[in-house]
Amino acid sequence: MIGYLLEGFIIVFSHPFNMVVIIIGVGLGIIIGAMPGLTATMGIAIALPLTFGMPPEVGLTLLISIFIGGIHGGGIPAILIKTPGTPASAATIADGFALTQKGEASMALGVHVFSSSAGSFLSTIILVFACALIAEFALKFGAAEYFLLAILGLTIISAISTESTLKGLIAGVLGLLLSTCGLDPIVGYPRFTFNNYNLMEGFSLVPALIGLFAISQIFYEIENIDVPIVKAKDIKTKLPDFSIIKKIIPTIIRSTVIGNIIGAIPGPGAVLGAFIPYQNEKRLSKHPEKFGYGAIEGIAAAEAGNNAAAIGALIPTLTLGIPGEAATAVLLGGLMILGLRPGPLLFKSNPEIVYAVFASIFIACFVLLIEGLILARYMGKLITISKKILLPVILLLCVVGAFAIRRSIFDIGIALIFGILGYFLQKINFSVVPVLLGLILGPIAESNLRRALIISRGSLIIFFNNWLDVSLILLGILSLIFGIRLSNSLKKISKESTAQTNE
Amino acid sequence: MNSKSDIIAAIFFIFLGLIFFWNSKSFPDSTREIGVGAFPRLLAGLLIILSIVLIINAIKNFTLSKNPPLFKEFTKGQKFILVVIFALIIYIKILEPLGFILSSFLLLLTLMFIFGEKRKVILLFVPIGFSIILYVVFSKLAMVSLPEGIFENIFF
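In order, the protein sequence lines correspond to chains A and B.
Heads up: the first sequence begins at 1 in our numbering, then just goes up one per residue.
Heads up: the second sequence begins at 1 in our numbering, then just goes up one per residue.
No lab work stands behind these hints: they were computed from the structure.
The beta-carbon is built from N, C-alpha and C at its ideal position, and this holds for glycine as well.
A hint or two may mislead.
With a Cα cut of at most 20 Å, we get these calculated EDC-like pairs of lysine to aspartate or glutamate [stated by the list, open to error]:
(1) B:Lys79 with B:Glu117
(2) B:Lys76 with A:Glu104
(3) B:Lys79 with A:Glu7
(4) B:Lys79 with A:Glu201
(5) A:Lys381 with A:Glu136
(6) A:Lys427 with A:Glu223
(7) A:Lys381 with B:Glu96
(8) A:Lys82 with A:Glu201
(9) A:Lys247 with A:Glu104
(10) A:Lys102 with A:Asp469
(11) A:Lys348 with A:Glu7
(12) B:Lys120 with B:Glu148
(13) A:Lys102 with A:Glu289
(14) A:Lys82 with A:Asp226
(15) A:Lys236 with A:Glu136
(16) B:Lys76 with A:Glu221
(17) A:Lys290 with A:Glu104
(18) B:Lys76 with A:Asp226
(19) A:Lys427 with A:Glu221
(20) B:Lys118 with A:Glu104
(21) A:Lys238 with A:Glu136
(22) B:Lys25 with B:Glu96
(23) A:Lys348 with A:Glu104
(24) B:Lys79 with A:Asp469
Chain B is nowhere near these chain A residues, computed Cβ spacing over 10 Å in every case [what the hints assert, rightly or not]:
(25) Ser14
(26) Ile134
(27) Phe192
(28) Tyr197
(29) Gly339
(30) Leu345
(31) Leu396
(32) Ile409
(33) Leu425
(34) Phe430
(35) Asn465
(36) Leu475
If you want the footprint, here are the derived chain A segments under chain B, 3+ residues with CB under 8 Å [to be verified]:
(37) 118 to 127
(38) 165 to 179
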């Protein structure tokens, strides 16, 4: 494994373009994450078409760099104008903005960038070891297991992505059903194409994903376009003093471990990855009364935690093809478009790609430290750009992105339809993550189901052949049973945390 | 939680499920293996059943007083959304004949103006700037040929 990782570093360093991609990706991520209303998920969706034609490891590096930068960037407006750039930064608001009001924004931003980078770096170490372990185990999978795994992933996400398990399931089934449009994966019969040759290959993934995650978000922002924007000043930033760094290191380490584990569990994602470490530090602190009123440990815990959670979420995404939440679901789509099949086979057939990406993530953590410090100085102006200008421009980016993959104007229409669908679904408390997952996993699930049944000559016994299959099925049933309870209790935790930090 | 919107959504899903179910009837199905239509039929059936459960749940929780109508009347923001959808449909129609730069310029200008941007300098230069930058980035750097329309060969 260490050998692979060294090779990965050699691959990355031997090609200057890789470094450029990391620098651009992290920078874009920070800017997108910092602008209230634009999320890391949206950034990944819009950047997807750019990766087309790149070598897979470079494309994946770009997307993950944007992800890491985006989660970090969300903390900047949280500190400066009390508005989280991404939901994951909500836990940073109380302490960060308190420091800004005391005139110590520079200190807050310094602690913020150091914690984010350190948290990302430590979490990446966990990522490498965990992925190697899980991939080793998952190599025993055959067609039946792949089908069950796809269904399990979808069940888990459906069960916990919204407050209602039923709605999650409906969204998942909807995605699966829509994925059956186009030529069928085994014999190539055209299904549900309505005699339109544009639908021969089914709904193209990129436009669907841009619609569901970017255009629907733009609609949401347009609806609230008149909310006035808070003004912010540009602020000088520097790394915190060594005495402060020494003080927050234990906090960062604890928060990283907790954040990573939370991130790796599908569902809760980066938001709880910030809140739970924050609560934990408050509990351990000798001065819990300072939390919420400018405690640097609070910023460190929240920001190390949410970045660690983001990287932790890569573990199930890469090894099993089960993304935890929206951003990694879009990332999963990116993997497919780059021609990589996420899951254990990825580690067997393309270890050089995986470890080159791991090496890039390590480098991205350092780039984040430097770029985060530099870019934060100009963010005061940037985050206050009027949405009247910003939203049309972002919309045009989505349109070009949807068009670019197949050079198809038809695909712009697809993006628009999925945008409208996504907007309405979210409006009535459905989640769009299961829809995307269904779209991605549908063909995998169907072809493996049918292949397994061809092998077994139609006998369903193949799905109960060994303990692995049975445990996958049991896991699926369990996730359904506990789905409602789990999501309810998670909601309660995050509500309580929000309430407490807002006090 | 709004029961009324749940019911409307469920009816939409049932309708969708029926379309897929109906369409898949004509697919060739061999008797020996699971055929072309089986997987979509299974899913369409599942979607319909789940939607019916959603309706039953919604009716159980239905209380008139607690359920404000989904759209009383369109707010300003919701009108903006309709404008954007309409603008995009027109954009799709004019993209090929007018070309990317001109159609994108018109799209940005229209939307920014309708959203309430008043400064003429911004209304002019942001749309021009972004249309050309995106054109150059995509067609010259990323090698995605965008429709050139009436400006064909201007940037050779």
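Going down the list of hints, with the structure as the test:
| no. | hint | verdict |
| --- | --- | --- |
| 1 | B:Lys79 with B:Glu117 | holds, 16 Å |
| 2 | B:Lys76 with A:Glu104 | violated, 39 Å |
| 3 | B:Lys79 with A:Glu7 | violated, 55 Å |
| 4 | B:Lys79 with A:Glu201 | violated, 34 Å |
| 5 | A:Lys381 with A:Glu136 | violated, 48 Å |
| 6 | A:Lys427 with A:Glu223 | holds, 11 Å |
| 7 | A:Lys381 with B:Glu96 | violated, 37 Å |
| 8 | A:Lys82 with A:Glu201 | violated, 45 Å |
| 9 | A:Lys247 with A:Glu104 | holds, 17 Å |
| 10 | A:Lys102 with A:Asp469 | violated, 58 Å |
| 11 | A:Lys348 with A:Glu7 | holds, 16 Å |
| 12 | B:Lys120 with B:Glu148 | violated, 27 Å |
| 13 | A:Lys102 with A:Glu289 | holds, 17 Å |
| 14 | A:Lys82 with A:Asp226 | holds, 18 Å |
| 15 | A:Lys236 with A:Glu136 | violated, 47 Å |
| 16 | B:Lys76 with A:Glu221 | holds, 12 Å |
| 17 | A:Lys290 with A:Glu104 | holds, 15 Å |
| 18 | B:Lys76 with A:Asp226 | holds, 9 Å |
| 19 | A:Lys427 with A:Glu221 | holds, 12 Å |
| 20 | B:Lys118 with A:Glu104 | violated, 36 Å |
| 21 | A:Lys238 with A:Glu136 | violated, 43 Å |
| 22 | B:Lys25 with B:Glu96 | violated, 37 Å |
| 23 | A:Lys348 with A:Glu104 | violated, 50 Å |
| 24 | B:Lys79 with A:Asp469 | violated, 51 Å |
| 25 | Ser14 | holds, 23 Å |
| 26 | Ile134 | holds, 28 Å |
| 27 | Phe192 | violated, 6 Å |
| 28 | Tyr197 | holds, 17 Å |
| 29 | Gly339 | holds, 18 Å |
| 30 | Leu345 | holds, 22 Å |
| 31 | Leu396 | violated, 6 Å |
| 32 | Ile409 | violated, 6 Å |
| 33 | Leu425 | violated, 8 Å |
| 34 | Phe430 | violated, 7 Å |
| 35 | Asn465 | holds, 18 Å |
| 36 | Leu475 | holds, 20 Å |
| 37 | 118 to 127 | violated (count 0) |
| 38 | 165 to 179 | holds (count 8) |
In summary, the structure is inconsistent with hints 2, 3, 4, 5, 7, 8, 10, 12, 15, 20, 21, 22, 23, 24, 27, 31, 32, 33, 34, 37 from the numbered list given earlier, while agreeing with the others.
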